[in-house]
Amino acid sequence: MWMAIRAKSSALLEISCSHASDVWKGFVAMATENKTSRVTKRIGTHNGVFHCDEALACFMLKQLPQYRDAEIVRTRDTAILETCDVVVDVGGEYNPKIHRYDHHQRGFEETLSSVRPDLAKNKHIKLSSAGLVYAHFGIEVLSVILSNNKIVPSSECLRTLFVAVYEGFVEELDAIDNGIPMYSEGHPRYRINTHLSARIHRLNPEWNTLESEPQDKLFEKAMSLAGSEFTDKVLEVGHMGRIWWPAREIVKNSIVDRHNVHKTGEIIELKERCPWKDHLLSLEEEMGISGQIKFCIFHDKGDSWRVQGIPVQPDSFICRVFLHKDWRGVRDEELSKVSGIPGSIFCHSTGFIGGNKTRTGALEMAIKSLQEASTNGD
Numbered sequence: 001m002w003m004a005i006r007a008k009s010s011a012l013l014e015i016s017c018s019h020a021s022d023v024w025k026g027f028v029a030m031a032t033e034n035k036t037s038r039v040t041k042r043i044g045t046h047n048g049v050f051h052c053d054e055a056l057a058c059f060m061l062k063q064l065p066q067y068r069d070a071e072i073v074r075t076r077d078t079a080i081l082e083t084c085d086v087v088v089d090v091g092g093e094y095n096p097k098i099h100r101y102d103h104h105q106r107g108f109e110e111t112l113s114s115v116r117p118d119l120a121k122n123k124h125i126k127l128s129s130a131g132l133v134y135a136h137f138g139i140e141v142l143s144v145i146l147s148n149n150k151i152v153p154s155s156e157c158l159r160t161l162f163v164a165v166y167e168g169f170v171e172e173l174d175a176i177d178n179g180i181p182m183y184s185e186g187h188p189r190y191r192i193n194t195h196l197s198a199r200i201h202r203l204n205p206e207w208n209t210l211e212s213e214p215q216d217k218l219f220e221k222a223m224s225l226a227g228s229e230f231t232d233k234v235l236e237v238g239h240m241g242r243i244w245w246p247a248r249e250i251v252k253n254s255i256v257d258r259h260n261v262h263k264t265g266e267i268i269e270l271k272e273r274c275p276w277k278d279h280l281l282s283l284e285e286e287m288g289i290s291g292q293i294k295f296c297i298f299h300d301k302g303d304s305w306r307v308q309g310i311p312v313q314p315d316s317f318i319c320r321v322f323l324h325k326d327w328r329g330v331r332d333e334e335l336s337k338v339s340g341i342p343g344s345i346f347c348h349s350t351g352f353i354g355g356n357k358t359r360t361g362a363l364e365m366a367i368k369s370l371q372e373a374s375t376n377g378d
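Take 1 as the starting number for the sequence shown in my numbering and just add one per residue.
Some hints here could point you the wrong way.
[What the hints assert, rightly or not] Taking lysine to aspartate or glutamate pairs in the EDC-like style, the calculated list, with each CA pair at most 16 angstroms apart, reads: (1) K301 to E272; (2) K62 to E140; (3) K233 to E172; (4) K337 to D326; (5) K121 to D278; (6) K252 to E266; (7) K252 to E272; (8) K277 to E249; (9) K97 to D85.
[What the hints assert, rightly or not] Label pairs and their in silico Cβ distance ranges: (10) S374 to E110: 40 to 46 angstroms; (11) R202 to E109: 27 to 33 angstroms; (12) Q371 to R202: 20 to 26 angstroms; (13) I289 to E213: 52 to 58 angstroms; (14) D69 to R106: 31 to 37 angstroms; (15) G265 to S228: 43 to 49 angstroms.
If you're looking for bench data, these hints aren't it; they were derived computationally from the structure.
These figures come from a predicted structure and were not determined experimentally.
Positions of the beta carbon are idealized from the N, C-alpha and C atoms, including for glycine.
Turn these sequences into a full structure, and let the hints guide you.
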């Protein structure tokens, strides 16, 4: 009888162990399944009406290897957002350590210069979610896009491109999303309604429509539109980099050598004609001499020389100092007589640029204009 009981107990134990093994295998399978499901990363942003900044932020993140296959989760549910690997434009938190990039919370005043002082100076526009993602991931995003198009800039060039793309694309989106006016005083005389932010906003369903594509699908279109224009800008700047980047060294050398051109250091001479305005203003900023240089002289394509006032902005015709007021609109022999400088060719009617047959003459035009401006307190 005792042997029978032992045999029965042994059988029960074997069944129990077998069941436990099956249960354990089930747990392992469940854990493996959960782990596999978490391999796909999640980018969280808010649902409802979408804007350009989060559309671009999501696009930029998905250019990166770690987020390329990420799922976009659009919600305001805090519990769901907590499961996301990165959250943009929602959540009321900016914490790059845990990849939270919202800008709506009280007290948020971050700018590109405050987040990336190593890359950008004097950038005082408050960041949107696009600007935040660009500040933290922009260098990597640019590298990926450029590399995919067989453009591999040097690290120094990439840092310059980072600022150029921000100024030429992202900064505008930051300002618009944060409601920052272009003018500190007065009202603009017209509105621009064809900009990227406006076009993306128009992808949202109309407020009184009953039939529309699912909003998440429309958000995908917004990401595609923002991403396409962003990529175009990156490639435009990247390709231009092959042209204007070598010019940076020429401009830099001219700044370093400026005191040998004139004792004031207010006149530079380009040893080669090249794109110089953007470089000059950014190099001045880097070197801590913003606004000090007033004129640039350079050899023209022919046998003549040009003297040009330094603009207050690269695309502006407003100069820090203009050529002498008595010369403006005067040409050739008459200009030579009025100025007392032989070989004078012309002075533009606004005074932003002039020409002379010789280097000496062009330099003299700059020097006399500086003296006239100093006398008049300009």
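A quick look at each hint next to the structure:
no., hint, in the structure
1, K301 to E272, "10 angstroms, holds"
2, K62 to E140, "12 angstroms, holds"
3, K233 to E172, "13 angstroms, holds"
4, K337 to D326, "11 angstroms, holds"
5, K121 to D278, "15 angstroms, holds"
6, K252 to E266, "14 angstroms, holds"
7, K252 to E272, "12 angstroms, holds"
8, K277 to E249, "13 angstroms, holds"
9, K97 to D85, "11 angstroms, holds"
10, S374 to E110: 40 to 46 angstroms, "41 angstroms, holds"
11, R202 to E109: 27 to 33 angstroms, "30 angstroms, holds"
12, Q371 to R202: 20 to 26 angstroms, "55 angstroms, violated"
13, I289 to E213: 52 to 58 angstroms, "54 angstroms, holds"
14, D69 to R106: 31 to 37 angstroms, "35 angstroms, holds"
15, G265 to S228: 43 to 49 angstroms, "45 angstroms, holds"
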